[in-house]
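**Student:** This is what each chain is made of:
There are 2 protein chains.
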Amino acid sequence: MRDFSNDHSWMSINTATVRKAQGKEVPLLDILDACARHQIRAISPWRDQVAAAGLQAVSRAVRSHGLALSGYCRGGMFTAVDDEGLARARDDNRRAVDEACELNAACLVLVVGGLPGALEGKAGYHDLAHARGQVTEGIGQLLEYARERKMPIAIEPLHPMYAADRACINTLEQALDVCDLLDPAGTGDIGVAVDLYHVWWDPKLQAQIERAGKRRLLAFHVCDWLTPTTDLLNDRGMMGDGVIEIPKVRAWVESQGFSGYSEVEIFSSRWWSRDTDDILRTCVERHRTVV
Amino acid sequence: MRDFSNDHSWMSINTATVRKAQGKEVPLLDILDACARHQIRAISPWRDQVAAAGLQAVSRAVRSHGLALSGYCRGGMFTAVDDEGLARARDDNRRAVDEACELNAACLVLVVGGLPGALEGKAGYHDLAHARGQVTEGIGQLLEYARERKMPIAIEPLHPMYAADRACINTLEQALDVCDLLDPAGTGDIGVAVDLYHVWWDPKLQAQIERAGKRRLLAFHVCDWLTPTTDLLNDRGMMGDGVIEIPKVRAWVESQGFSGYSEVEIFSSRWWSRDTDDILRTCVERHRTVV
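Protein sequence lines, in the order shown, are assigned to chains L and V. Going by our numbering, the first sequence opens with residue 1, and the numbers climb by one from there. Going by our numbering, the second sequence opens with residue 1, and the numbers climb by one from there.
It is possible that some hints are incorrect.
Stated by the list, open to error - Just a few of them, taken from the derived set where beta-carbon distance is under 8 Å, the chain L residues facing chain V:
#	residue
1	Leu115
2	Ala123
3	Arg132
4	His159
5	Pro160
6	Met161
7	Trp201
8	Trp225
9	Glu245
Bear in mind the hints are in silico, worked out from the structure with no lab data behind them. Glycine residues also receive a C-beta, built at the ideal position from the N, C-alpha and C atoms.
Generate the whole structure from the sequences, applying the supplied hints.
**Tutor:** Right under this line is the structure:
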């Protein structure tokens, strides 16, 4: 396993982690400047942040700072109540691939969607198996497009508490089943993003990481699970503040040959109340000591 | 599949559902009276409620009302930081079996425990695999005792969002693995409690229900998953108010030969603000229409 204690060259900052500071939105270009100040050499930005700043402006800033993208957040949301919705999702995902290419991302991360409409409070249908079918089909279509553009796509299994409204792929096993179905040869064009927040609890985690192997392990995200957790979305913990055995799982991932970034992705109202430098300084320190 | 539309003879009320009404605790004996008023013929009471009312008093009331117990909540919490803690858990679980026998419960439901201390906010250790080992050992010991007393024990896999602090058995597959390990002959002395709130999201749900079969299906709990869910513990939905496909799963369970009660278990600050008769009336109506 790589030694992270001396530097943070393998830390990436998912820009959601500093999306807000002192309670206010932070523009993406300011986040990039802050990352540069802290000698952070990789990020994973969100599409809405990129859109707000302008793709070309972000692309220039990424290049001028010499930043790598450990991933691009996010494609997905493949489910819909009708064909028009499915077509919109298809087109939007193609644009996400194009943007990921422009930014030279390591992969496009997919949050696949749950029951359509559920995120807005009213599910258009309740048939979870149907949603999963739409997701598999949507990923299959996107894979063709992404292959042409040479952009790997990474299915991120989300914690089962998001099955209804955000993603109906909820375990690494399920994500790998989809990968194997769509890419039986294991080309590396499609794989998984292993986010510890979503998968840490899984009794099959180690076995499924071994099943994934190097070719399917496209991204590795870290944060922590707090006890108690007071909000389903925005109470994720800073590494070291919760119960996840981060180094143990990192060892499993690296023993498969994964040699990419540990991407820090923390949705936390608590941390978003602090200032950007404070958040980043803490990420760096924890990356050295508990990741 | 049984037709529930004409009566509610196969509905059981888990007494947590009416633990509070209009914001105030309701004594268990009052809950039993209320169930009788609504022609409810089965309940599943909680140990703390029974202790507050007195075991003998509850036992008499159960008999005089002619109530069946679809289960007894709950044994478990097997994990501990030291041998004394493990011994305390063992003794307490034996008492739970004795109480379940006194009340003639169909089974003792087990919420197996997570990382010890996590529920109080500070986990005594973080090794989830170790917790799972303690749980398997604890259930194994309890099974011997429960067999002597002829009380079936039912492992309830809890939603993965409770893995840290309430139960580190989080899928039906994992629960059945423990059952198979401890009872390879499939005697029916140990099985599972299938609570839809905890397992509805699982892509392997149907397959694992089939694997369980009649002998391992000891209890079936219903409520609903709301979108959004605003609290990890006390925002469960009344059947029909959320996204769970209850009849679909009930059909799977019954096709294995399960012919017991559908036990309504709703932890909900929202419902606990209403009055007992209102809550029970709604349970009966939903049991007839959407379960």
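**Student:** Now tell me, hint by hint, if it's right for this structure.
**Tutor:** These are the hints, each one checked on the structure:
no. : hint   : result
1   : Leu115 : holds, 6 Å
2   : Ala123 : holds, 5 Å
3   : Arg132 : holds, 7 Å
4   : His159 : holds, 6 Å
5   : Pro160 : holds, 4 Å
6   : Met161 : holds, 5 Å
7   : Trp201 : holds, 4 Å
8   : Trp225 : holds, 6 Å
9   : Glu245 : holds, 5 Å
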